[in-house]
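**Q** Please build the complex by placing chains B, C and D on the supplied structure of chain A, with the hints as guidance.
Number of protein chains: 4
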Amino acid sequence: MRKLKFGLVGGGIGSFIGPVHRIAAEMDGLATLVCGAFSSDPERSKDSAQSIYRLPQERAYASFEAMFAQENLLPVEQRMDFVVIATPNHLHYPVAMAALDAGFHVVCDKPVAFDLDQALELQRKVEASGLAFALTHNYTGYPMIRQARAMIEEGKLGSIRRVNCEYLQGWLAQPLLDNKQADWRTDPQRAGAAGCFGDIGSHGENLISYVTGLHLESLCADITTFVPGRQLEDDGNVLLRFAGGAKGILSVSQIALGKENDLRLQVFGDRASIEWCQDDANSLVVRHADGPMQVLRSGWAGTNPHSIAATRLPPGHPEGYLEAFAEVYRNFCNHLLGGSDNVNYPGIAEGVRGMQFIQSVVNSAQAGAQWVRLT
Amino acid sequence: MRKLKFGLVGGGIGSFIGPVHRIAAEMDGLATLVCGAFSSDPERSKDSAQSIYRLPQERAYASFEAMFAQENLLPVEQRMDFVVIATPNHLHYPVAMAALDAGFHVVCDKPVAFDLDQALELQRKVEASGLAFALTHNYTGYPMIRQARAMIEEGKLGSIRRVNCEYLQGWLAQPLLDNKQADWRTDPQRAGAAGCFGDIGSHGENLISYVTGLHLESLCADITTFVPGRQLEDDGNVLLRFAGGAKGILSVSQIALGKENDLRLQVFGDRASIEWCQDDANSLVVRHADGPMQVLRSGWAGTNPHSIAATRLPPGHPEGYLEAFAEVYRNFCNHLLGGSDNVNYPGIAEGVRGMQFIQSVVNSAQAGAQWVRLT
Amino acid sequence: MRKLKFGLVGGGIGSFIGPVHRIAAEMDGLATLVCGAFSSDPERSKDSAQSIYRLPQERAYASFEAMFAQENLLPVEQRMDFVVIATPNHLHYPVAMAALDAGFHVVCDKPVAFDLDQALELQRKVEASGLAFALTHNYTGYPMIRQARAMIEEGKLGSIRRVNCEYLQGWLAQPLLDNKQADWRTDPQRAGAAGCFGDIGSHGENLISYVTGLHLESLCADITTFVPGRQLEDDGNVLLRFAGGAKGILSVSQIALGKENDLRLQVFGDRASIEWCQDDANSLVVRHADGPMQVLRSGWAGTNPHSIAATRLPPGHPEGYLEAFAEVYRNFCNHLLGGSDNVNYPGIAEGVRGMQFIQSVVNSAQAGAQWVRLT
Amino acid sequence: MRKLKFGLVGGGIGSFIGPVHRIAAEMDGLATLVCGAFSSDPERSKDSAQSIYRLPQERAYASFEAMFAQENLLPVEQRMDFVVIATPNHLHYPVAMAALDAGFHVVCDKPVAFDLDQALELQRKVEASGLAFALTHNYTGYPMIRQARAMIEEGKLGSIRRVNCEYLQGWLAQPLLDNKQADWRTDPQRAGAAGCFGDIGSHGENLISYVTGLHLESLCADITTFVPGRQLEDDGNVLLRFAGGAKGILSVSQIALGKENDLRLQVFGDRASIEWCQDDANSLVVRHADGPMQVLRSGWAGTNPHSIAATRLPPGHPEGYLEAFAEVYRNFCNHLLGGSDNVNYPGIAEGVRGMQFIQSVVNSAQAGAQWVRLT
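Protein chains in written order, with the numbering used here: chain A, 1 to 375; chain B, 1 to 375; chain C, 1 to 375; chain D, 1 to 375.
Errors might be hidden in some of the hints.
As the list makes no split between identical chains, a pair holds if one copy fits it or if it spans any two.
Computed list of lysine-lysine pairs in DSSO-like fashion (alpha-carbon distance at most 30 Å, straight line) [to be verified]:
#	residue 1	residue 2
1	K3	K125
2	K5	K180
3	K180	K3
4	K5	K46
FYI, nobody ran anything at the bench for these hints, they're computed from the structure.
The structure displayed is predicted, hence computed values, not measured ones.
Looking at chain A on its own, in the form it has when it is part of the complex (with noise of 0.2 Å):
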């Protein structure tokens, strides 16, 4: 039984998402990291290569595009598999349709494109393509998140009636000079059109609509600029209407101080409703009409194939993030590895859905907060 081989673009010294890309991916040992364009700097390349990652200095190229080359010159059981696309925003188009066009499966960060139209096209060139690619929508992996979707597919819930979610961060409710981080994500040159909706609003769409199935058909977006300077807004609130009734809040921000990565959902139907918070992402709260409050724990009794399936641990030993980051690369890698023929894991129309959700926020609120339908 063979590893999968992969490249990264992006993911050099200083980065936060490298690293996480490496681990996740290897996690369940179906991986290994082989080679990266780990800047756009050859020397800053190289020195990734060795000083974070271990690798051999031959394996770190100048440019994404000597990477596809060079490693396409390579024997098959050296040669990586797929490429993950860790940069900023704007060059997960241009990285990863030179991927595709070189042959190479892809993992790319989220949001999937720069805008709409780039993730039209990249859609219609993975379809072309035959090859597989995943978006690293990494909180649909935590179990508690699997249970719930099946729960709901399964009618557990009877018909949705209300969702709430949040996802509010704190780090960028002061300036951020000199931070990596901070610099490209409010830079509308390297972000998009968006700033924290692009950056963490996307991952509360992608989060609903993972969850609850539920399609959404309009929303109403108010959305600011907090802090002084800053180009993109780094909060917002919106109300959703999805088609059959139901409704929502997704209140976003990266100016809510004090806040760490706090994500929270809630799924109200009129059977039973469900409460899920990443900073106890083993836990699922169940509450019913007839019955006592149920919290259903990630491999204990109650849970269902789906979320036993991603979960690695007896009950009591907590996974985290990186585990459920992890398991998107599980099902991609297993899919490539023909253990299971079925796509579980967040793909190009996702991405896709997540670049209407973002741009129809910004066009809301660009009309003075008014409604406006999604496509």
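**A** Chains B, C and D alone, transformed into the frame defined by chain A:
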């Protein structure tokens, strides 16, 4: 040092809030229930006096008009000092007007009246009368709410940017037949123009205003009636814009299945943030940009005089809903007894503002969830 | 339907527990404070009557002996029905004996007496008198404690194997000078043979016994006086062995710095287990071998009649310490008023058992933390 | 910068801890699994190599003796650097002795040996060998445990007075038939003299020692075998006395029905106190006498360099059991790679101390739960 005496209008057999008023008003030993018009049915009024309140039959009146007239004939040492109005909403106005005409101070349930016009007329009457008027926005009585309000007033949070308030109940998730509490709250003839926004949304608006001191300028409300056949909304989300640029969201439901009485408030400033939820009422989470999270606890070191004044027990002896409710009465009674000059309980101004809020929510919704300015 | 009348011994200016008794006894409208011997200093007794309890001066007595004598001269419709003893421990016995001699029912703070001999003599007196005697083990009044007790009685937990009880406070972590509450509790002339075990350890013992119904057979106590100069222990851990083979641990401290009033109980059976802590008093966690964890909530579906009878408010309206305390009074008053035949409040038997426990802890410790059998 | 290579003894199909070691050791990119003697059954060893670890068949050995011999024949750039022992307890000693004889560094599961004599002999061997030896007391790897240890070392808690430690599991509440995990842990031929105290009680002892630095002088253990037919204790409570006067309690169970893996530590000093539980592993509650409670959060302001060094992600991205386990490996590998001189991982000394503790618990219990001194 004398005790005050009071009468109750409403609160007969089957009432939830009547006994709550009795307990809360008497808790601090400042007032005693002496009479009541507990029901519009004279026999039921007498039965209630006996079986619930252990009052002599002669102080159980057949109507509020009779009570006001008869009590005024009693010598002052027996006569009630103030009246508590614990009826469905449509009776608040006529009972309060009559009480003021008869010279009695008034404690009234929220919302203060059936509609805004009544509220404004009542405001003029209160001001002309020189009598005291309290509105039982009981959630303002929690020590940690007092703590939060004072912290914000002192600038500890800096400039407020964002407010998140949730008030979610689930008890109306299904049609409730033959339920006295549900009947009038879902009947526009008795509840007024709004359902859950009159009943609990108004508490949310009041809590936000009380704690933050922000002035609500405009709102956009998306409200829904989920239970078939119901005439008033049972759910809604409201985008909020405050003078000075702060934004907010108020999420209100009585069909949030499985939620008991989940009132939660988060306020984010540019210096610090606070979080409170009723279910852990004796704690106030304070988050800072540059230091560890603090959990202030009622009665413990680090609390301010405003919170300490509202605390009856040593730390770790949990106080709850009744004690918070009693705090409004303690403030009101101390005012009447001359113990304190300043009026530190919600009054007619808060009542008028609440009716403006309710009316604006309904107006926004009727316009298709468009933005409306508050007058 | 009449109200009961009661007098208070102790509870003068500076007392914490006096006003607690007044509020708790009056909460359900079944009893009214009418008189008191609030202090051994007659002037202070009068001042307390006025400033704390708003009672007329003529019902403020200079001594408990005077109160019992004078009250018996009053016509029955004015005379107190029962007396509440809220003094330091060494006075419980003489006041209670005198009250019973004078024909008054008694409500007494725990521990019931200064030592076991007094407790046994008081027991004989109570039994001979035919009068009612309640011991305010107030933690038994929490709805979820009632719930737990009934569940265990019904066999829902199966056979009990393990009990973990913690009662941790920190307010005596430093020497407290000029603190009325601390002074008598650390003085063996007034508190008795034990410090924290008399004050709060006895609550722990009572709670274990009340909830589990287990009979404590032997114990091994390692107790410590950490604060220099203090004469009584301020900390200890006790190994417990119960009839039938269950084991337990009771951990008690008043020097657990930073702990407020942290009372926590876990009971593990061979079918299910429960966990409760006072700080989240309205929840009872129930764990099962074969199904998800449940959180029972006071007033919500899944609670039993015993818990419902002790609940005053709809679910989600938190009740706390005062309401639990009031439940003991409600049970006691209902018994006196003839509303219920069965005595469902702690009484003299619990008081004797508590003294046996305290004495055994002291005996074990004096023998060098050796095992001792309870008689 | 090279990666270390390691082999695994044990960890074959059906093992829980084998894959945990693989993930933890590889997480930080410092080491790679290259070989193993995964089972005493050669076929099963090969199958495990393939199906679990995706290793080539030639690196799956039929025995640990074969592995040590064969690996030493490989060129150094292929040969394993260290061996991980993930077998039942009775094999720790022979495998470790053989590994050291063969010149390999060792990582070993706890408890370090079958009995104290073996542990002492192993200690002599380790010291003589000059090789590195790590014991996977993985709970020491949590950032907030590192935080707590450093705070106590720096005197932030003042003098320690009381320690409460609970380690409660429920998975052995019923007899488990045909359960590989349960079988050897309840078999005195493979587990040693103790059941739950060898398996998890030793973690409790180690955690107390690691965090507080206190020296345990004597103990009194009341242990029980609740499940009929079981040969080793499955439950117990231990009174602890430390040098310098601190007292403690360690409560351990594997029959605490419904408990998952509930490890909880409270340490009370005379200046401050801390509380930690694994289920909320990224928080450390700090209580002070004179100020509000703080909740330190991994990665957030207020944490010390020791905790920060053990944190991989930004605050609010929960890390769990695998990350803490990986921290022991990161420290061990950094030591081997020369990155750090100091040995900041548990080693043979901790192993010996753990065996002394286990033996003392058994001795105390056999004497009828009497006090015993640790040598």
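**Q** Hints first: check each against the structure and report whether it holds.
**A** Comparing the hints with the structure gives:
1. In the homo-oligomer, the alpha carbons of K3 and K125 lie at most 30 Å apart inside one protomer (27 Å), although the nearest pairing across protomers, at 38 Å, exceeds that limit.
2. For the identical chains of this complex, K5 and K180 are intra-copy neighbours only, at 28 Å inside a copy versus 34 Å across copies, given an alpha-carbon limit of 30 Å.
3. Taking CA atoms no more than 30 Å apart as the test, K180 paired with K3 passes between copies only; the shortest distance there is 28 Å, against 33 Å inside one copy.
4. Within a single copy, K5 and K46 get their C-alpha atoms as close as 19 Å, and across copies as close as 23 Å, so both meet the 30 Å cut-off.
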